[in-house]
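Undergrad: Start from the sequences and build out the full structure, keeping to the hints where you can.
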Amino acid sequence: MDLTPEQQDLVAQFTSISGAEDEREKVVSLLTVNSWDLNNALSSYFDHGFDMINRISSSSISGGDNAAISASGPEILQDPAESHLSHRRTSSSAGPELVNLQSQMFLESFRPRLPKAPRISNHWQLELGIHSSLSEKSSHTPDRRPAVNSWWLVLLLVPRTLLSFLVSIFRFLFVGSSSHFIGRFPSQFDYGKYSEDFDFAKSIGYDKEATELSASPDLSQFNIKSSDFNSVLQSAQTGYSWLLVILVDNRTESQDFCKRLFASPEFAQLFNKASGTFKDNVIFVNNVEESPEAYEVGKTYKAKRLPFLCLAANVSNDPSVMASMSTLYKSNVAPDFLGPEQINSTVKKLSENLEKLMESYDPQLIAQRFDQQEIEFARQLKKQQDDAYIQSLEKDRLKKMEKDHQQQVEKTMKEMAQKRETFLMSLIRENWFQSVGDGESKVKIAIKLPNGKRLIETVSKSVTLQQLYLYVETRLYVEEKISDENNEFGSEEDILQYAGAIDQEPMSHGEYYATFAFRFDLIQPYPKKVLDVAGAALGDIPELRSGANLLVEYHEDDEADASAASDGAKDE
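So the mapping is simple: the working numbering equals the position in the sequence shown, first residue as 1, plus 46.
Careful: at least some of the hints might be erroneous.
List time: in silico EDC-like cross-link candidates among lysine to aspartate or glutamate, alpha-carbon distance up to 16 Å [said to hold, decoys possible]:
hint : residue 1 : residue 2
1    : K507      : E486
2    : K499      : E525
3    : K488      : E467
4    : K305      : D264
5    : K465      : E557
6    : K507      : E525
7    : K345      : D236
8    : K465      : E519
9    : K271      : E339
10   : K271      : D326
11   : K350      : D326
12   : K394      : D302
13   : K325      : D408
14   : K499      : E538
15   : K575      : E557
16   : K325      : E405
17   : K305      : D245
18   : K345      : E173
19   : K494      : E599
The hints are simulated quantities; they were obtained by calculation from the structure and are not laboratory data. These figures come from a predicted structure and were not determined experimentally.
TA: Okay, here's the thing in structure tokens:
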């Protein structure tokens, strides 16, 4: 068969992609079946090869008049205009996977979209504010009426015959068809009838505090809202629930319809918030003649008659279109269906219509609610994981800070211990107390250490009590070094050799006194008296000027630390 340049180009592209250079006739046949759509032909080839051509060839032989096969190869002779129908027939025989999805989506694009369920404008709030301001102003302004009503002037000027003729024409044109205007949606809201104390539930006879069964419907079994429509709409949209809008007016028929609707078992079976078939719903109901917001709702949703019903939900009638808040059902109930004999059947019919639509679209809402729950669960799970991770990071940070602080404390303590050791070793190396204790006037001091060892020193009376404390500090340090099993010092000679090897510059006496506090007290036993660390000379202290026997007692905390340290050293 003769091919156009475009078709030859498609054949060349197909063979270059598939590598079927030796199967040109089959390639042409496959492209012909797929309406010369390269993508569909390649998809069919990679899924089934040329099997579809063989199946079409066998069906053509059995049918006899749908195709002709030449002796050279299985070439399909078909009018290009009928290629789409041929593809549909072969697709049904080959299986559901061979449906031309592109053509199917093209046909589905003609399906009408659901009308949107919009938010209402807030202009009614501005108009209500203006009306309230004018009413308040007029209440403080005296009413000034004209002396002569203008209608009297009209009656005086217009002849009686002409007036009668006009009245007759008016009756003929409008009174005969007055039923056409009954229940029509008002052209504007009458703010003169507006009352802030209006309650829709009470207007239809519902009393939530009533204990006895009455003729009024039980509105507590429904999720009813009468104000803040935009929030109700947003809640239904984000919560994937049904929204039913019911608008009525002050007519008795309209009020009776509303009562019958809420008292209907069919309606309760659908919208009961506890046991209804579609209990995930919210019902917005109000009177358009009493509520400017309800009037704005009816105006936005283009209500023609009252009562007015509108069903909306966050759904879509096309899978390729994202779901949005859409209007599924509208009903402008005519007055002919509100009579005492027809009202029950009207309510039942409306409930049936609502049930059919809700059964059709409720699976979408259920699926979207489950998806929303899964998303919320995933968000909560991720939040918990993030919180746990942050807490873990915070714990690690605190541990690191504590570890760094501990290391810094240990480093500082080690440096302080090194400075203390350097200072005390320098005193021991220089035999500091011997040089300080030389003098003409001396006194004999006997000191008993906590380990029972006694020190007897004859020192000058000019030695201060603070220097005596420092001398005792050096002796206690030497005893600690000798008694410590972890040190290699066995005698005072070893300590002197170690002190001589230290070449660091020691701190001054003033720095030592300001940095290190003495961990012991010098006590006079009889009478017992603690000698406070002071700069007074021994000769100036009455208890020490003629000599004394003193005891060394550790402070309680230092004694406990010393015993714990010795126990730990023994365990090691």
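Undergrad: State for each hint whether it applies.
TA: Against the structure, the hints:
1. K507 with E486: holds, 9 Å
2. K499 with E525: holds, 10 Å
3. K488 with E467: Distance of about 30 Å is beyond 16 Å: violated.
4. K305 with D264: holds, 9 Å
5. K465 with E557: holds, 11 Å
6. K507 with E525: Violated - the C-alpha atoms of E525 and K507 are around 26 Å apart, more than 16 Å.
7. K345 with D236: holds, 14 Å
8. K465 with E519: Roughly 14 Å between the alpha carbons, so the hint for K465 and E519 holds.
9. K271 with E339: holds, 12 Å
10. K271 with D326: holds, 14 Å
11. K350 with D326: violated, 28 Å
12. K394 with D302: holds, 14 Å
13. K325 with D408: holds, 11 Å
14. K499 with E538: holds, 14 Å
15. K575 with E557: violated, 28 Å
16. K325 with E405: holds, 13 Å
17. K305 with D245: Roughly 15 Å separates the two Cα atoms, so the pair holds.
18. K345 with E173: Judged against 16 Å, a Cα distance of about 15 Å means the pair holds.
19. K494 with E599: holds, 9 Å
Hint compliance for this structure: hints 3, 6, 11, 15 are broken, all remaining hints hold.
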